[in-house]
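Number of protein chains: 2
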Amino acid sequence: MRRVRIALLGCGTVGGGFVRLLSRERDRLRERYGVDAEISQILVRNLSKERPGVPRELLTDSPLKALDGDCDVVVEVIGGTHSAGAYIRRALLSGRDVVTANKAHLAERGRELFDAAAERGLFIGFEASVCGAVPIIRMLQHALAGDSVESLIGIVNGTCNFILTRMEEGMEFDQALRSAQQCGLAEADPTLDIDGIDAEQKLRILAELAFAAPVRRVTTRGIRHVVLKRGSVLRLVAEAYRVPGGVELRVEPRELPPDHPLAAVRDEENAVIIRGRAMGEVMIRGKGAGSLPTASAVLSDVVEIARLRPPLGHAKAAADAAALLK
Amino acid sequence: MRRVRIALLGCGTVGGGFVRLLSRERDRLRERYGVDAEISQILVRNLSKERPGVPRELLTDSPLKALDGDCDVVVEVIGGTHSAGAYIRRALLSGRDVVTANKAHLAERGRELFDAAAERGLFIGFEASVCGAVPIIRMLQHALAGDSVESLIGIVNGTCNFILTRMEEGMEFDQALRSAQQCGLAEADPTLDIDGIDAEQKLRILAELAFAAPVRRVTTRGIRHVVLKRGSVLRLVAEAYRVPGGVELRVEPRELPPDHPLAAVRDEENAVIIRGRAMGEVMIRGKGAGSLPTASAVLSDVVEIARLRPPLGHAKAAADAAALLK
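So the sequences go chain by chain: A and B.
Oh and the first sequence: position 1 is 1 in my numbering, straight run, nothing missing.
For my numbering, add 326 to where a residue sits in the second sequence, where the first one is 1.
No lab work stands behind these hints, which were simulated from the structure alone.
Take the hints with a grain of salt, since some may be wrong.
If you want a taste of the chain A side facing chain B, the calculated C-beta under 7 Å gives, among others [unchecked claim]:
1) 55
2) 133
3) 143
4) 147
5) 283
6) 284
7) 286
8) 287
9) 292
10) 293
11) 296
12) 303
In this text, all values refer to a predicted model and were calculated from it rather than measured experimentally.
A virtual CB, placed ideally from N, CA and C, is assigned to each residue, including glycine.
Just chain A, same shape as in the assembly (with noise of 0.2 Å):
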């Protein structure tokens, strides 16, 4: 049994969610995969607050605590690029591998995290940064390593879908955006959404991943202005293809055919589809947010994590060994 013990920083929509799933998953992963997963701390801004289901007696507001304490992986569901970045930074230093949901600060600064964890042979999980559910990372990193990809295009905004597919059954832009608020699926400030900014931080990871190839041009236009015609399927679109030297990235609404793959993916729902040139055409699709898909990601990583590392007896003994060596 390979023991997992979490720091988990953030116990809002995503963090609430993953303490809740594990604790019902836990068994099963200890009897699947051979791995017992517990949280050992629980880093929250305020402690009075009311958190039904979530242990007492784990919590702090202390960053230090959380971080520095007994735990082997640090997951960061807090969002934003400050003080996240900084935990991410120190948890890697410490020698944790880490899970993060923060795809802005992996758009910002994923390089440099990326070889600060190379260098000390830690692992980043981020399968919840992009499309929630839909495992669309680890499909570009690994489960499709064996073809080239040549394209990938896809709707990965939930919100903009969610708002659009509104505005197709008759609504009007600012009715349609003021309903996905009321849905929690729009924040107060919608801008990152509606303006496509979102979007292009999760397509420039996904290309990242699919061509490792810099960025030659990027497009973005949000749906802010847009107009439906009457009967039209329209989606924000995400797309990424080769060009002499790199990627081009589009972010931007399009009329789609109504039988296109993409124009029967519907109110909050993901969808990518990965060009590739021995396999065609793959495409993935299912939930790009909520507590539970989302923290179902983030409860992957922790398995996949834990599949990676040798049993802890195995690594000390190895420690051992080479010390004796040295």
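Chain A is already provided as a structure; the job is to place chain B on it using the hints.
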């Protein structure tokens, strides 16, 4: 750089595709994954057959020479259950990892093979055995590890789907079957496909990965006697779900509503929808067969094996250290 020497058993549709694919992807795999994969032997029945693009000096018709030669991984793409099974067992007994596309043998003797591999710390990759290029095996094994699967439903036999798509367009069953045979999508004896046996074998593999629970009931009906109502969509659907004490499997032709996600899966495409307790539905769709799509799944497994094995240098250092400690 991790060097992987491959003994390739079989050089037909998939094997020949694998030789071509590896030769064009080899540089990318070195750069991207630090894996240098090369074929050291190719076992064929007929040494004198023309095989464009296949280096003659790698061919052998001696199974022993291929299996006991200088190789780390045995890739079995012969098919059938008799000699292929014996070769896989011999490969495992001599400490080689195995990649196979052989669903018939896995459905029949999978448990025994996986136990033999686990005992020796070896890896059996079988992504290519179900749904060709679609990485459904890896999704169920690892990418969706964080959630419990409640049910799965899909189209896993491309031959039947091709025939049913032709019938939708107005052909009679016999005519559609002949058309599939002309396209190389159906065997001269199409029994395994059209009676649903191939779909059942694949469903057994998927259900074992998804539920790891005993199969309580199996219902298998093929498409030999289907009647298609004008304007309706009929698909050979494979479904697995939990029942008290285990899992129930069903393979049967079903009329689907035109907006059902599986209704859009046409020709030889495959698709599977996995319903998880936390993540909701995730659907994956792509080419279920064909030389290069299937070869890409085989090559992804080879890369995965290299990723899970420590670099040879490290392994040797560890072995040396262990020997010194004895």
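Structure-based check of all given hints:
no. : hint : verdict
1   : 55   : 20 Å, violated
2   : 133  : 4 Å, holds
3   : 143  : 4 Å, holds
4   : 147  : 4 Å, holds
5   : 283  : 5 Å, holds
6   : 284  : 5 Å, holds
7   : 286  : 4 Å, holds
8   : 287  : 5 Å, holds
9   : 292  : 4 Å, holds
10  : 293  : 5 Å, holds
11  : 296  : 4 Å, holds
12  : 303  : 4 Å, holds
Of the numbered hints listed earlier, the single one contradicted by the structure is hint 1.
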